[in-house]
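Oh and the sequence shown: position 19 is 34 in the numbering used here, straight run, nothing missing.
It is worth saying that the hints were derived from the structure and are not from the lab.
Positions of the beta carbon are idealized from the N, C-alpha and C atoms, including for glycine.
You can take every hint at face value.
With a Cα cut of at most 27 Å, we get these calculated BS3-like pairs of lysine-lysine:
(1) K84 with K149
(2) K84 with K62
(3) K84 with K63
(4) K149 with K62
Beta-carbon label-pair distances, calculated as ranges:
(5) Q68 with D103: 32 to 42 Å
(6) K84 with M111: 46 to 56 Å
(7) N59 with D121: 27 to 37 Å
(8) M111 with Q70: 51 to 61 Å
(9) N17 with L150: 21 to 31 Å
(10) D82 with C48: 19 to 29 Å
(11) N46 with N17: 12 to 22 Å
(12) D41 with S99: 23 to 33 Å
(13) N50 with K84: 26 to 36 Å
(14) Y137 with I78: 28 to 38 Å
(15) A130 with N21: 15 to 25 Å
(16) G74 with S99: 29 to 39 Å
(17) Q118 with D82: 39 to 49 Å
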Amino acid sequence: MNSEFNIAVHSLVFLAYLPTHMASSDLLASNVCTNPVRIRRVMNLLKKNGLIQVQKGTGGGYILNCDPKEVTLGQIYRITSSGSLVSDWRSGDPNMECRIASQIGDVMSQIYEGAEISYVNYLSQFTIQDILDKLTADKKQV
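Construct all of the structure, not just a fragment, from the sequences and the given hints.
Structure follows, in structure tokens:
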């Protein structure tokens, strides 16, 4: 998991909360508690995947381009963090004679890949709308 996932979810929930409001990267950065450059990087990923629209210039910003009831956290994870549970580094060496050292890398990779699939399936149970509903259930001002 990386911070881009959290930034993306937070930003999409914020945009869903204000569906007709164009939100600038400065406004989103202030709400997410990060800097506008990080917001723009993540929003570019969301734009490439059709989840937001971007309007440049004065009065421009980001607006939701999807139904928050249909966008799952699993989708957001795949866009921002896919593969982050799978380790790039492997212990052992497949060329060693030791049964443990020669096979542990492949075995652990299979376990990590299974964990990633399970994690995405779990996240896919929740939508952007679900998160928004939890946050606004008691009508607190966001």
